[in-house]
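Trainee: One letter stands for each residue in the lines below.
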Amino acid sequence: MSVPLDETAQLVVNGLVAGTILAVPAIGFTAIYAVLRFPNFSLASHITIGAFAGYAANTLGGWPASAAVVAAFVVAGAAGVVNDHVVLRPLRPAGALTTAIGAVALTIVLENVVRFAFGNDLRGYALPIRRDWQLGPIRIGPQQVENLVIAVLAMAAVFAFLTFTRTGKAMRAVADDPVLAGLKGIDAERVARLTNFGAMGLAGVGGVLLGLDTTIDPLTGFRVILSVFAAAVVGGLGSIPGAVVGALTIGVAEELSLLSLAPAYRTAVGFVAILLVLTLRPRGLLGERAY
Amino acid sequence: MRNERARLSRRALLAGGAAAAAVASFPRVVHAQPATIRLGTLNPLTGSGGSYGPSMRKAMEWVAQEVNAAGGVLGRQVQLVSEDDQTNPEAAVRAARKLIDVDKVVAIMGTWASAVTTAVAPLCWESKTFLTTVSGSDTITQLPHQGYLIRTQPNTHLQIGKLGQFMLSLKVKRVFVLAAQTPFAAPSYLRLGEILPKGATELVGQVIYDKDKTTFRSEVDQAVRAKPDLVYLNGYQPDCTVLMKELFKAGYTGAKVAQGYAVNAKLLGSLPNEVTDGTYTATPSPSVESAGYKRLAKALGTDDLDPYSCQCHDHISLVLLAIAHAKGEATGTAIKDHVRNISQGNGVKVDNAVEGLKLLGQGKAINYEGASGPCDFTDTGDILDCKIRFEQAQGGKFKFVTLI
Numbered sequence: 000m001s002v003p004l005d006e007t008a009q010l011v012v013n014g015l016v017a018g019t020i021l022a023v024p025a026i027g028f029t030a031i032y033a034v035l036r037f038p039n040f041s042l043a044s045h046i047t048i049g050a051f052a053g054y055a056a057n058t059l060g061g062w063p064a065s066a067a068v069v070a071a072f073v074v075a076g077a078a079g080v081v082n083d084h085v086v087l088r089p090l091r092p093a094g095a096l097t098t099a100i101g102a103v104a105l106t107i108v109l110e111n112v113v114r115f116a117f118g119n120d121l122r123g124y125a126l127p128i129r130r131d132w133q134l135g136p137i138r139i140g141p142q143q144v145e146n147l148v149i150a151v152l153a154m155a156a157v158f159a160f161l162t163f164t165r166t167g168k169a170m171r172a173v174a175d176d177p178v179l180a181g182l183k184g185i186d187a188e189r190v191a192r193l194t195n196f197g198a199m200g201l202a203g204v205g206g207v208l209l210g211l212d213t214t215i216d217p218l219t220g221f222r223v224i225l226s227v228f229a230a231a232v233v234g235g236l237g238s239i240p241g242a243v244v245g246a247l248t249i250g251v252a253e254e255l256s257l258l259s260l261a262p263a264y265r266t267a268v269g270f271v272a273i274l275l276v277l278t279l280r281p282r283g284l285l286g287e288r289a290y
Numbered sequence: 000m001r002n003e004r005a006r007l008s009r010r011a012l013l014a015g016g017a018a019a020a021a022v023a024s025f026p027r028v029v030h031a032q033p034a035t036i037r038l039g040t041l042n043p044l045t046g047s048g049g050s051y052g053p054s055m056r057k058a059m060e061w062v063a064q065e066v067n068a069a070g071g072v073l074g075r076q077v078q079l080v081s082e083d084d085q086t087n088p089e090a091a092v093r094a095a096r097k098l099i100d101v102d103k104v105v106a107i108m109g110t111w112a113s114a115v116t117t118a119v120a121p122l123c124w125e126s127k128t129f130l131t132t133v134s135g136s137d138t139i140t141q142l143p144h145q146g147y148l149i150r151t152q153p154n155t156h157l158q159i160g161k162l163g164q165f166m167l168s169l170k171v172k173r174v175f176v177l178a179a180q181t182p183f184a185a186p187s188y189l190r191l192g193e194i195l196p197k198g199a200t201e202l203v204g205q206v207i208y209d210k211d212k213t214t215f216r217s218e219v220d221q222a223v224r225a226k227p228d229l230v231y232l233n234g235y236q237p238d239c240t241v242l243m244k245e246l247f248k249a250g251y252t253g254a255k256v257a258q259g260y261a262v263n264a265k266l267l268g269s270l271p272n273e274v275t276d277g278t279y280t281a282t283p284s285p286s287v288e289s290a291g292y293k294r295l296a297k298a299l300g301t302d303d304l305d306p307y308s309c310q311c312h313d314h315i316s317l318v319l320l321a322i323a324h325a326k327g328e329a330t331g332t333a334i335k336d337h338v339r340n341i342s343q344g345n346g347v348k349v350d351n352a353v354e355g356l357k358l359l360g361q362g363k364a365i366n367y368e369g370a371s372g373p374c375d376f377t378d379t380g381d382i383l384d385c386k387i388r389f390e391q392a393q394g395g396k397f398k399f400v401t402l403i
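These protein sequence lines are chains A and B, in that order. So in numbering that gives the first Met the number 0, spot 178 of the first sequence is number 177, and the numbers just go up one at a time. So in numbering that gives the first Met the number 0, spot 316 of the second sequence is number 315, and the numbers just go up one at a time.
These are computed hints drawn from the structure, not numbers from a lab. Hints should not be assumed to be uniformly reliable.
[Said to hold, decoys possible] Derived list of chain B stretches under chain A, where covered just means 3 residues or more per stretch with a C-beta under 8 Å from a C-beta of chain A:
#1 42–52
#2 198–210
#3 258–270
#4 378–387
[As the list claims (entries may be wrong)] Here are the computed lysine to any residue pairs in the SDA-like style, where the Cα-Cα straight-line distance is at most 20 Å:
#5 B:Lys265 to A:Phe115
#6 B:Lys226 to A:Gln9
#7 B:Lys396 to A:Pro127
#8 B:Lys265 to A:Phe117
#9 B:Lys226 to A:Gln133
#10 B:Lys210 to A:Leu260
#11 B:Lys210 to A:Arg192
#12 B:Lys210 to A:Phe221
#13 B:Lys265 to A:Val80
#14 B:Lys57 to A:Phe221
#15 B:Lys210 to A:Arg222
These numbers were taken from a predicted model, which means no experiment stands behind them. Idealized CB from N, CA, C, for every residue including glycine.
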């Protein structure tokens with residue numbers, strides 16, 4: 000079977016765009032894992048909370064997409080800190096598995112809180128829908144480009160924060176060796192709170208980016224959390240560049256699978272990737288060093 | 000201590016015996032307070048059917064209230080136990096198990112998604128619980144349900160047959176189908192393949208997608224590449240919202256047709272008019288001119304009732320009338336054996352349960368025709384006929400096109 004080049008190129012572009020958006024919450028997921036050492040599945044509901052915060056800012060407040068992203072970051076981040084403090088922190092001494100199960104329970108509770116507040120209906124952002132640009136054989140949408148820019152800016156901000164600021168360095172220190180970091184006088188609790196704020200904030204930004212291109216409902220986060228998890232595992236749980244590489248890999252692999260698979264089976268690709276990586280390279284593509 | 004216990008136990012025995020004698024001597028008192036009739040509702044209160052479930056449940060609660068206010072079924076009050084199927088087969092099975100095993104309902108009413116109905120049906124026929132559904136997939140009535148299932152929704156064969164006729168009337172040349180992965184995706188495509196070649200229309204392809212994905216760009220690319228002049232969106236509301244956006248962005252300008260439950264007023268409200276304008280929808284039409292429809296619309300406080308609420312209104316009415324026809328025997332088997340005696344035939348036409356119960360009480364035969372339509376069933380539980388209403392979105396509103 001010959002594969003048309005145009006079609007492949009289009010699929011790669013679609014995959015890169017999808018992967019970039021997936022990378023934003025995946026960074027959050029892996030950052031929490033790096034610092035707190037448990038998979039925080041309540042990221043799903045924080046994606047939803049961010050999506051709805053952005054929606055409220057956009058439709059009720061009349062804010063443009065870029066400002067809605069900031070609102071989503073702050074609201075989801077704050078929710079993340081509160082939820083972690085009240086629900087997950089008391090569970091942490093019982094071990095990573097207990098905390099992860101608590102996080103799954105928390106996410107379902109929060110999802111229903113969103114449902115109670117906003118109802119079950121689908122909602123769309125109040126943005127004009129524009130026709131796509133046709134660049135030679137490749138089709139790409141203005142909204143996608145905008146999402147891409149927002150996602151890349153968010154990632155750049157994360158890397159700059161971790162590289163150049165004192166707090167960012169403290170975070171990396173805790174992720175690398177919490178005991179040694181403690182000896183150096185780094186307050187682990189404060190780092191945990193900051194990590195939660197930043198990571199859940201990124202989840203919220205991811206929620207808005209997903210919603211801008213599609214629609215949002217209380218299940219928005221739940222639908223993507225497994226792909227986010229897959230991206231983090233493939234890249235190496237705990238590695239922030241790994242989350243980006245993992246998300247792009249999953250995004251492109253899912254799209255390219257369409258060349259030989261029916262779309263209905265596309266979701267399986269991410270999980271085949273998890274199995275392959277865990278079997279052949281258990282620490283993920285980039286290992287588990289945080290940065 | 001031993002003596003004390005023995006004495007107490009003798010005393011208890013005496014008391015128990017006296018109580019038993021008292022009960023035995025007042026049999027009429029016991030019979031004058033019969034148990035309630037327990038029915039289960041299983042609707043999609045959340046998930047992709049979440050915009051219909053609450054209203055479906057309300058319709059059934061309203062009928063139960065009306066019947067109870069008029070004295071119940073042969074003096075017995077009706078009690079509804081409501082569960083949410085989450086538009087998810089796994090959650091639906093758990094809810095159905097609870098309704099059957101814990102609440103001991105005699106009928107489960109109002110399952111919506113075909114996948115949910117397919118999952119719940121075996122529990123029902125195994126436990127001899129009657130199941131009424133609004134699901135359309137052909138495969139549902141082909142299950143070995145032994146009569147414990149009826150549906151008020153036209154099946155895929157009937158619905159898609161009429162949809163095919165409508166497409167032919169539009170004189171389009173090339174039809175492409177974008178279908179969510181559901182039990183009715185494959186039969187729908189086969190049925191269109193039977194109908195369209197009768198005219199000058201070609202069925203050029205189908206993509207079946209996973210409806211939980213957040214983006215369908217590549218699926219839409221595949222559709223557009225086939226150069227269709229009509230795309231049939233055979234999915235649910237969340238995925239169709241995304242697909243309509245994507246088709247617009249991809250520069251597709253041909254015709255679009257979707258099921259009315261997917262492209263509905265809520266979807267039009269959530270998308271700009273330029274994206275939705277011109278889209279046709281197909282909806283099994285409730286009996287909008289009937290008194291039953293108007294009464295229900297008033298009770299639910301809307302002038303635009305969805306077909307599922309109408310059908311659920313008829314589900315509970317049929318079940319209660321069947322129980323009354325069976326002289327008050329409230330079991331799934333009695334409902335199964337008696338439902339066709341009150342839903343079809345030469346009896347007096349009635350459009351609501353209260354009036355039907357009154358006529359049955361007078362010993363008259365009845366033929367129930369409800370808010371959703373005639374409610375006449377084949378031996379396998381399908382409805383015999385149903386009109387399909389075609390509408391077109393214009394400026395964010397639906398305009399009537401034709402009734403087939």
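Trainee: For each hint, tell me whether it holds in the structure or not.
Mentor: Each hint, compared with the structure:
1. Under the rule that three or more residues need a Cβ within less than 8 Å of chain A, the assignment of the region 42–52 of chain B holds, with 5 such residues.
2. For the region 198–210 of chain B, the proposed coverage by chain A is satisfied: 4 residues have a C-beta within less than 8 Å of a C-beta in that chain, meeting the threshold of three.
3. With a cut-off of 8 Å between beta carbons, the region 258–270 of chain B has 4 residues touching chain A; three or more are needed, and the interface restraint holds.
4. Residues of the region 378–387 of chain B with a Cβ under 8 Å from some Cβ of chain A number 0, which does not satisfy the need for three, so the listed coverage is violated.
5. Restraint check: the Cα-Cα separation between B:Lys265 and A:Phe115 comes to about 18 Å, which is no more than 20 Å; the hinted pair holds.
6. Between B:Lys226 and A:Gln9, the direct Cα distance comes to roughly 17 Å. Compliance with the 20 Å bound is thereby established for this hinted pair.
7. Distance check on the hinted pair: B:Lys396 and A:Pro127 sit about 19 Å apart at the alpha-carbon level, within 20 Å; holds.
8. For the proposed pair B:Lys265 and A:Phe117, the alpha carbon gap of about 14 Å is at most 20 Å, so the pair holds.
9. Between B:Lys226 and A:Gln133, the direct Cα distance comes to roughly 17 Å. Compliance with the 20 Å bound is thereby established for this hinted pair.
10. Pair hint B:Lys210 plus A:Leu260 holds up; C-alpha atoms about 16 Å apart against a cutoff of 20 Å.
11. For the hint pairing B:Lys210 with A:Arg192, the CA-to-CA distance comes to about 36 Å; that exceeds 20 Å, so the pair is violated.
12. Distance hint between B:Lys210 and A:Phe221 is fulfilled; the C-alpha atoms sit about 14 Å from each other, no more than 20 Å.
13. Straight-line distance between C-alpha atoms of B:Lys265 and A:Val80 comes to about 35 Å, which puts the hinted pair past the 20 Å bound.
14. Of the pairs offered as hints, the one joining B:Lys57 and A:Phe221 is violated, with about 28 Å between alpha carbons and a cut-off of 20 Å exceeded.
15. Taken as a hint, the B:Lys210 and A:Arg222 pair is honoured in the structure, with Cα atoms around 10 Å apart against an allowance of 20 Å.
Violation of the numbered hints given earlier is confined to hints 4, 11, 13 and 14; the remaining hints are satisfied by the structure.
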